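What follows is the residue order along each chain.
2 protein chains.
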Amino acid sequence: MKHRTARRMRAALALTATSAALVGLVGLAALPASAATPDDVTEHGGATRNDGDMTEMLRESLVDGPAKNVILLIGDGMGDSEITVARNYAEGAGGRFAGIDALPLTGSYTTYAVNADGSVNYASESASTASGWSTGTKTVNGRLSVDVDLDPQATLLEIAKANGLKTGNVSTAEIQDATPGAEIAHISKRGCFGPVKTTADCSSESVEAGGLGSISEQLLNVRPDVTLGGGAATFEESAVAGPWAGKTLFEQASDRGYQRVDNAAELAAVTTADADQPLLGLFSLGNFPTRWVGPDATDIPDADSTKLPAPVACTENPERLETGLSLADLTDKAIDLLDNDNGFFLQVEGASIDKQDHAANACGQIGETVDLDEAVQVALEYAETKGDTLVVVTADHAHTSQIVGSAIPGLNTHLLTEEGAPMIVAYGTSAAGGSQQHTGAQVRIAGYGPGAANVVGLTDQTDLFFTSANTLGLNQDLASLSAAATLAAPTEVLPGATYTVTASGLNADWQVRGSDDLGQQDVLRGTASFQVTAPAEPGTQTVTLTGAQTGVVLTADVSVSAAAPVDPAPTASATPPAAAAGSGSGSSSTGSLATTGTSVPFALGGIALALVAGGAYLVIRRHRRGHALSHN
Amino acid sequence: MKHRTARRMRAALALTATSAALVGLVGLAALPASAATPDDVTEHGGATRNDGDMTEMLRESLVDGPAKNVILLIGDGMGDSEITVARNYAEGAGGRFAGIDALPLTGSYTTYAVNADGSVNYASESASTASGWSTGTKTVNGRLSVDVDLDPQATLLEIAKANGLKTGNVSTAEIQDATPGAEIAHISKRGCFGPVKTTADCSSESVEAGGLGSISEQLLNVRPDVTLGGGAATFEESAVAGPWAGKTLFEQASDRGYQRVDNAAELAAVTTADADQPLLGLFSLGNFPTRWVGPDATDIPDADSTKLPAPVACTENPERLETGLSLADLTDKAIDLLDNDNGFFLQVEGASIDKQDHAANACGQIGETVDLDEAVQVALEYAETKGDTLVVVTADHAHTSQIVGSAIPGLNTHLLTEEGAPMIVAYGTSAAGGSQQHTGAQVRIAGYGPGAANVVGLTDQTDLFFTSANTLGLNQDLASLSAAATLAAPTEVLPGATYTVTASGLNADWQVRGSDDLGQQDVLRGTASFQVTAPAEPGTQTVTLTGAQTGVVLTADVSVSAAAPVDPAPTASATPPAAAAGSGSGSSSTGSLATTGTSVPFALGGIALALVAGGAYLVIRRHRRGHALSHN
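Here the protein sequences come in this chain order: A and B.
Quick note: the first sequence, position 119, residue 119 per UniProt numbering, numbers continuous.
Quick note: the second sequence, position 123, residue 123 per UniProt numbering, numbers continuous.
Calculated from the structure, these hints are not laboratory results.
The structure presented is a predicted model; accordingly, all values stated were derived computationally and were not measured.
Cβ atoms here follow ideal geometry from the backbone N, Cα and C, with glycine treated the same way.
Partner residues aside, some chain A positions facing chain B, computed with beta carbon under 8 Å:
hint: 1; residue: Thr84
hint: 2; residue: Leu105
hint: 3; residue: Gly118
hint: 4; residue: Asp147
Take a look, some chain B residues computed to stay more than 12 Å from chain A by CB distance:
hint: 5; residue: Lys189
hint: 6; residue: Asp201
hint: 7; residue: Gln531
hint: 8; residue: Gln541
Chain A on its own, in the form it takes in the complex (with noise of 0.2 Å):
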């Protein structure tokens, strides 16, 4: 395991180095200085880990708001056992995580759920508790970011981008499952990951049902810049109804803009990743393999510690990805293509912590939480370098394994660790086989950066949306931010002319759909065009635009006269046409996120055209009457 270690060195000595040149560049105050390890932990002393009083160092590390950015990193199931385990394995008793342990700011929350009764549920799992920090709302086991009620909750990454700053999501499971989906999906069944499951499981909520879909079909319409993970497999199922029916999920990314990758030299060949090219790089069928793999846990005749098998090494997974997509690589490339003036909104799971732990591996959940380690540093890295970016790290909710000192009745699994030292991890939640289980305490939380002080003390897990929320400033009001839309349109054009209608400033909706048989487009950075048909006889031609998730309703009336100036139909171009009186009316709908109904691509181009011939139409602005979500 030498290579390892010393790759973890290696890891560590750079970022020192980054750090201390990057120290006194910036407003924030920079990380503490790791203590080293010490060399005797014996001594008076030996075992300390403050360097001298902290009150000074924790003073600088208290940072007003707002921050630019926000980086979530989301350890599964990574409870305060797991990480002591991991800690134990990797570091040593005595040693200390150069990320997961570096934040200064510490504290813990409740992960509870809620039953649909409205009842408390003690143990929740990572839906409910996914749902927790992305939407500020407690939910049912098994729902993503709907409430109790099922009525959908917006989500951070949904308000960060309305409030037009970048997003990226980015995780070692399945971009479908529960951590990632709760910031793309609003769905009663976690489990509903494509069209297949979702026609089975959750018919309702189907396209062809005219409901949001399933997980996968609502990522491509929330259209995050970055999404990075796996899952590639349901993005080979094909979409049952809607514009892309027959077509896989794929073809449609493809078709309505996204750039995708699925190796190591493609997401480094990446330059560019925003509205227009959004970035989906699935780089396994399934979950990514683990980091390490190791010996399985044993059930121990009579718990007699004296027939634990020898205690070994965890060893690296041959199965592993390549390199260049580790979760700290992914990471990396993320934050370089989210980086802009405007911020931007950053999750990332380290997944299987969770998942091994529910398969009784020690080693692999030891191995994914390094692997999550060496993507903090790389988040703190960045943070500390731009003194603007709230970092955070934390779990989704606790797990079952435990640090004991002999064999437990369940299941043991004998670890000789990096300072070779035996360390015997106990499962004894479920019986061999069977699925270990999530427990119910509260979990650390841990931050850096602007805001960050409101991690500490005692929390709840829904505290995560309103601390991340408010420190970048966002109006939670999505309907609101997409109240002030406008469209443009011409006031005058001939009988039977092809023109162009533009909506902008849609800022909280992902689509908006035509009236009569305009059908459905991409809202990109708040805008969206519509190629509009007038009709053969003279007169006025009502064109009606609605926001697919705030449901605010634009319209225009267009009068078709043969009087009318010479229409660059049938295509935009960048002449306007000239001037004339119009007329325009504004309702909105009321009630929860509408649905994406039936949707069109479009060609990206045309939009350009048809902005720059915008300047000359009549604006048509209206203000929403009501509120179809409300957030606050």
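Using the hints, position chain B against chain A.
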């Protein structure tokens, strides 16, 4: 259970009222107000705990040392899981302990032990862990405040006392148990409570072998101002050797000036506890009975949750000690008695969280956590009033209990919580009938007051020693605290006369031994006096006193002459003899804490007189030439 809830609510209201009255009166920021329990945790934002942005509140909570007082409250075995189990049960998942959860600054600390060969041990227990924060030195499981080489390590309580602070030690366990024991004893086996066990299991450390003696005997030597807990049974044992051989430890305590109380009325009547009359209140033969009782944990066939018994609530334990002897009551009384101009150090342990966790007794464990919470409320109320007191709440190690969603193959308890929801508390680290195991997870540490910033982030248990000692501004070099001791003796006495010699400034010695047949005295406030009989023939009499703990040696040469002034022999008197030239020499031993050897009781009244008389005596001051104990 309504009355309990009502009682807890009244207590909370009382604390709130007090807090409100105090805001603005003290330099230290007020404790954060507890958010009201949300009406509906299913609403958006309904489950949050923060009340807006907490950055400024946290900033105000960062108070530089020094602190005048330190109160450490230890929940034995109170890991994050145990806190959550108890909070869920007693306050609701979205509730908040008014004490435990109110401390503004939080972190985690590691609790590992070391083995005798210096390697690490990931699964520690209460003796090694209590030694960790008591001494700043890691040790081997089962040992109390000796290091890996069995060398005694000075404790926070001892160091505080040597620095002139008052000291207290409170526990719901037998007072000889690991957590309270670590502050007042240095011994290789935590079980050596009294002479009987010590003769059998710790023979080389027994008084008869010239050792420090049993934990109880060491307690009597250290002489904290206030000692309250259980463990009276051991004090009925008789000393095997030394001046109290054949006398019970209770008789010894009385002989040495201790005030003994054994019920609430007697405790209430105590108005003073100090070096002259330290308070020893042992209210149960063994550990205190628990506050609550409840159903036994049971093995559920096939871990089939449908076979779980119906959930039930905990009930009051009819065996609980009488009113006035709760941990909160004892904490309150201890603070009252310790509050003084020089400050104090007080340790309070809620011991049976651990003991009931071992016994897989969920209600027992929960009730003890609630009990500790009320003690924390008392400490915080005092600290908030004074503004000069560091309060730290933490655990010694994590423990076994887990909150799960379905029955485990081990032991399960199905509880109906205060908010009317079912909760499964699982115990899976030992078979039915066995002792459930400690676990090695890092545990929560929380602080309030000057120096509390040092608990935030990741620390080690041994950091707590330095956090406490440093914020109190304690000189940790005990030997240096006795190095300026002086010995007052007459310069010249008549042959055969009885005269008094008085040592002062023996701040880090609890006993002092006289040369020849002078025996041993308790050192009170750094001072002890001996009655010396001059030889019948003229000449020079050399009197040598040796500090029992630091080994400092004080020597006086007294001239024995028929021409000496009339001596006030045979008893000390307020009339000083005429001063004359004398000579003295000093030396010091080196090495570890010296043993107490034999000791004789001393008439306390005599000391006072001798001290008055000492003013005109020759004062011989000797600086130490070596370091018997070095603490840095």
